[in-house]
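Undergrad: Single-letter residue listing:
There are 2 protein chains.
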Amino acid sequence: MHPAIQYIQARRGDFAENLKGLLRIPSISTKPEHKADMARAAEWLVHRMQAIGLGHAEVLPTNGHPVVYADWLHAPGKPTVLIYGHYDVQPPEPLDLWTSGPFEPTVRDGKLYARGAVDDKGQVCMHLGALEAHLKTQGTLPINIKLLIEGEEEIGSPNLDSFIKQQLGRLAADLVVISDTAMIAKGWPGITVGLRGMVAFQIDMQGAKSDLHSGGFGGAVENPGFALAQLLARLKDAKGRITIPGFYDDVRRLSPSERRQLAKLPFREKAFLAGVGAPRLHGEEGFTTLERLWARPTLEVNGFLSGFTGTGSKTVLPSRAMAKVSMRLVPNQDPNKIARAFMQYVRRLAPKTVYTTITEISGRGAPWLVSPDDPALQALARAILKGFGKRPVYTRTGGTIPIVPTLAKLLKAPCLLMGIGLPDENAHAPNENLDLDNFHQGMLSAAYLHLELAGESA
Amino acid sequence: MHPAIQYIQARRGDFAENLKGLLRIPSISTKPEHKADMARAAEWLVHRMQAIGLGHAEVLPTNGHPVVYADWLHAPGKPTVLIYGHYDVQPPEPLDLWTSGPFEPTVRDGKLYARGAVDDKGQVCMHLGALEAHLKTQGTLPINIKLLIEGEEEIGSPNLDSFIKQQLGRLAADLVVISDTAMIAKGWPGITVGLRGMVAFQIDMQGAKSDLHSGGFGGAVENPGFALAQLLARLKDAKGRITIPGFYDDVRRLSPSERRQLAKLPFREKAFLAGVGAPRLHGEEGFTTLERLWARPTLEVNGFLSGFTGTGSKTVLPSRAMAKVSMRLVPNQDPNKIARAFMQYVRRLAPKTVYTTITEISGRGAPWLVSPDDPALQALARAILKGFGKRPVYTRTGGTIPIVPTLAKLLKAPCLLMGIGLPDENAHAPNENLDLDNFHQGMLSAAYLHLELAGESA
Numbered sequence: 001m002h003p004a005i006q007y008i009q010a011r012r013g014d015f016a017e018n019l020k021g022l023l024r025i026p027s028i029s030t031k032p033e034h035k036a037d038m039a040r041a042a043e044w045l046v047h048r049m050q051a052i053g054l055g056h057a058e059v060l061p062t063n064g065h066p067v068v069y070a071d072w073l074h075a076p077g078k079p080t081v082l083i084y085g086h087y088d089v090q091p092p093e094p095l096d097l098w099t100s101g102p103f104e105p106t107v108r109d110g111k112l113y114a115r116g117a118v119d120d121k122g123q124v125c126m127h128l129g130a131l132e133a134h135l136k137t138q139g140t141l142p143i144n145i146k147l148l149i150e151g152e153e154e155i156g157s158p159n160l161d162s163f164i165k166q167q168l169g170r171l172a173a174d175l176v177v178i179s180d181t182a183m184i185a186k187g188w189p190g191i192t193v194g195l196r197g198m199v200a201f202q203i204d205m206q207g208a209k210s211d212l213h214s215g216g217f218g219g220a221v222e223n224p225g226f227a228l229a230q231l232l233a234r235l236k237d238a239k240g241r242i243t244i245p246g247f248y249d250d251v252r253r254l255s256p257s258e259r260r261q262l263a264k265l266p267f268r269e270k271a272f273l274a275g276v277g278a279p280r281l282h283g284e285e286g287f288t289t290l291e292r293l294w295a296r297p298t299l300e301v302n303g304f305l306s307g308f309t310g311t312g313s314k315t316v317l318p319s320r321a322m323a324k325v326s327m328r329l330v331p332n333q334d335p336n337k338i339a340r341a342f343m344q345y346v347r348r349l350a351p352k353t354v355y356t357t358i359t360e361i362s363g364r365g366a367p368w369l370v371s372p373d374d375p376a377l378q379a380l381a382r383a384i385l386k387g388f389g390k391r392p393v394y395t396r397t398g399g400t401i402p403i404v405p406t407l408a409k410l411l412k413a414p415c416l417l418m419g420i421g422l423p424d425e426n427a428h429a430p431n432e433n434l435d436l437d438n439f440h441q442g443m444l445s446a447a448y449l450h451l452e453l454a455g456e457s458a
Numbered sequence: 001m002h003p004a005i006q007y008i009q010a011r012r013g014d015f016a017e018n019l020k021g022l023l024r025i026p027s028i029s030t031k032p033e034h035k036a037d038m039a040r041a042a043e044w045l046v047h048r049m050q051a052i053g054l055g056h057a058e059v060l061p062t063n064g065h066p067v068v069y070a071d072w073l074h075a076p077g078k079p080t081v082l083i084y085g086h087y088d089v090q091p092p093e094p095l096d097l098w099t100s101g102p103f104e105p106t107v108r109d110g111k112l113y114a115r116g117a118v119d120d121k122g123q124v125c126m127h128l129g130a131l132e133a134h135l136k137t138q139g140t141l142p143i144n145i146k147l148l149i150e151g152e153e154e155i156g157s158p159n160l161d162s163f164i165k166q167q168l169g170r171l172a173a174d175l176v177v178i179s180d181t182a183m184i185a186k187g188w189p190g191i192t193v194g195l196r197g198m199v200a201f202q203i204d205m206q207g208a209k210s211d212l213h214s215g216g217f218g219g220a221v222e223n224p225g226f227a228l229a230q231l232l233a234r235l236k237d238a239k240g241r242i243t244i245p246g247f248y249d250d251v252r253r254l255s256p257s258e259r260r261q262l263a264k265l266p267f268r269e270k271a272f273l274a275g276v277g278a279p280r281l282h283g284e285e286g287f288t289t290l291e292r293l294w295a296r297p298t299l300e301v302n303g304f305l306s307g308f309t310g311t312g313s314k315t316v317l318p319s320r321a322m323a324k325v326s327m328r329l330v331p332n333q334d335p336n337k338i339a340r341a342f343m344q345y346v347r348r349l350a351p352k353t354v355y356t357t358i359t360e361i362s363g364r365g366a367p368w369l370v371s372p373d374d375p376a377l378q379a380l381a382r383a384i385l386k387g388f389g390k391r392p393v394y395t396r397t398g399g400t401i402p403i404v405p406t407l408a409k410l411l412k413a414p415c416l417l418m419g420i421g422l423p424d425e426n427a428h429a430p431n432e433n434l435d436l437d438n439f440h441q442g443m444l445s446a447a448y449l450h451l452e453l454a455g456e457s458a
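Chains A and B, in that order, are what the protein sequence lines are. If you count by the working numbering, then the first sequence holds residues 1 to 458, one letter each, in order. If you count by the working numbering, then the second sequence holds residues 1 to 458, one letter each, in order.
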């Protein structure tokens, strides 16, 4: 057994313990009051990178939260891999639904619970563990490594494009490896070959200048809470299809063979539904659940607020209503075109009885798809087979990683999506967690990948 | 000039100063944490009633917040008048829209600003001032008086019916006077001869057992925020008509003569719109603003909450959504029938992809209408002419006072609605206020009413 692999096997518990340190830092990028925590999380990573022997690690400023960069470039003639991840997390609310505190990492039944456990701190630390294993046992790495760990993924990476453009020379690589996705089920390691894109907006409506008595004014003044509900309802038809003109124009249709492959995947609808806990599943007519999740675009209400929402009754006619609406896009939809179409359509639907404002609240993410014949993908497939003891399946994910299409385009390098999350690990929701078996086997796979890319066998 | 009238004229400022004491108590009946404030407000009233010489005043328990009762019954052969009001108030939120604190009464430009200033503490204290004027100047009242000041009006008076039924003997009266309404415009004192009724519900939808990642699950799991918006939108058609089956069956249509009378009232649509501050008015097609407010039923969204509502973006698929919906009813709609129809219809519209709960959150209030030929109404009209120096107009209000139809029915006595509020005084909204001229002239009118009912001229 390769010494790096032995090293990981022998220290399994230590890596999880170390990860807890990063999980304790509430690095919530969307909340301005957590700016200092963002800096603390970046510093934690730099210290960890230096401790494992990467030598060069630093915090680089952007116009928003900083980027953590590190490299080890002492393997001449070997390929250079850029590893991307993020240290920022989603807000933890609603707090009352967490069994243990979101920033008090706790292990229960082989799972590590904390905000960011799987998305994405655990997956970043999986890579750091694999690098540590090589460096501590050999004093060297099989390949050249660069690490780019950003702090704005959860808010749509608004400053990353310009950062990458400024640092193109420093970031140049033969291959990009990104771990921010999930496998389809435990025991089914996979490689993600497709992503959805995203655009996100906030719609604000203002009717009266202040809240009114619903008896004294109701019937003669528009109710923004009702008007906004009505507008949102009109964004989809009775079959669940989005009504924005041109929305589906560029959607790439699945071929019959692709549909057959999707149908073969070990996706158990019953278990998926049980994990979700809803009375039944629901989506666009004419598509299976996996097709709806991976190959069809969506429009979701992420938040809605109007009027009195406390306990009991308050017969108020609200003056304001607010909704957050995001759309997940699939190949070959263009986020810029969709954003324009959405804004035009909402402006057209908005009644003249209220003042309506539309604000884009997140960076735009393009959808992405890669060919399973790519040689780098084949190397990763071999590494996963060794790390997990199973041949990986090729899947997609419904989520968005704007950096994937961006890096592929700017660095002109293929991207590998090596995700070790699970679909029921509550990324973005209460009780987020990370399966520690997957964390361990993912770390083994990462160490094997370095060897595979160097042309070494282990 | 009658001594009681002289007394009121001489002490105009003192009555407003005294009222501030009651306005400082945050007696919010819908919030359990204000239970002690409710008791304090009731005690304040008992002390005030004793101080002006009513002799018998006490706090009577109910199954909810207590009732304040007082009487003076030393005018044998004269009619007995029961004065009804309420000491509870609406919640003050949103707090950031108040210019001065909701429970820090402040006079600006002849208006007294505080939650409850006009609804209804100011109007209760107007009656107490008139009684004080008679008692302090004559040592006696022209008629017999009973006062019933309840603490649950803003939550639909859930315990008042049973309280009145238990205390029928004690509350027996020849006439009921209620001051909890508004005049149509400053300088246009009026008597309210019609009220809308009300029913109010909360609809809760639960989809997944916890919030989900909108990328990982969006498209395959129902979004309760969207489903509830869709359900609410279906409660009205494109013309603003409520779609609940049978909703309009019992609505009494306005006669051509009634419509002509409404059109003659000094209602200025432009000023109404300016007060409201919305871009334009809005309502059911085919009706004027006053008709929409007074003679047509409504359905309003009073509150809506789902998902992430903070600053920025959170791409969550919410597990829950909640809306508060109330309906204002007009003669001859039956609140029980409408409540039943609403619940049946919402259950029918609710998709099977979420768990839906419908909860009634307020007592039911019947609509009410009185004939302008009533002799007691004529006495009040004469009193108002003297107090305000103007002949009153007969109006309706879009609001609901469930006690009016209840008292009329249980006590078998006519009700007089003597309201001195103004339409722009923000009852139920931030910056609620009371015009101090109206407070003063209303107090004069109340004192004159006692004399009119006693058959005395002044």
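Hints are computed from structural coordinates only; laboratory data are not their basis. As the structure is a prediction and not an experimental result, all values here were calculated from the model. Please note that a few of the clues may not be correct.
Okay, derived cross-link-like pairs now, DSS-like style, lysine-lysine, Cα gap no bigger than 30 Å in a straight line [said to hold, decoys possible]:
1) B/209 - A/236
2) B/236 - A/209
3) A/352 - B/270
4) B/352 - B/186
In silico negatives: residues of chain A with every beta carbon more than 12 Å from chain B [said to hold, decoys possible]:
5) 53
6) 228
7) 256
8) 276
9) 299
10) 306
11) 307
12) 309
13) 390
14) 413
No residue lacks a Cβ here, since even glycine has one placed at the ideal position from N, Cα and C.
Undergrad: Would you pick out the hints that fail for this structure and give their numbers low to high?
TA: The structure breaks hints 4, 6, 8, 9, 10, 11 and 12; every other hint is satisfied.
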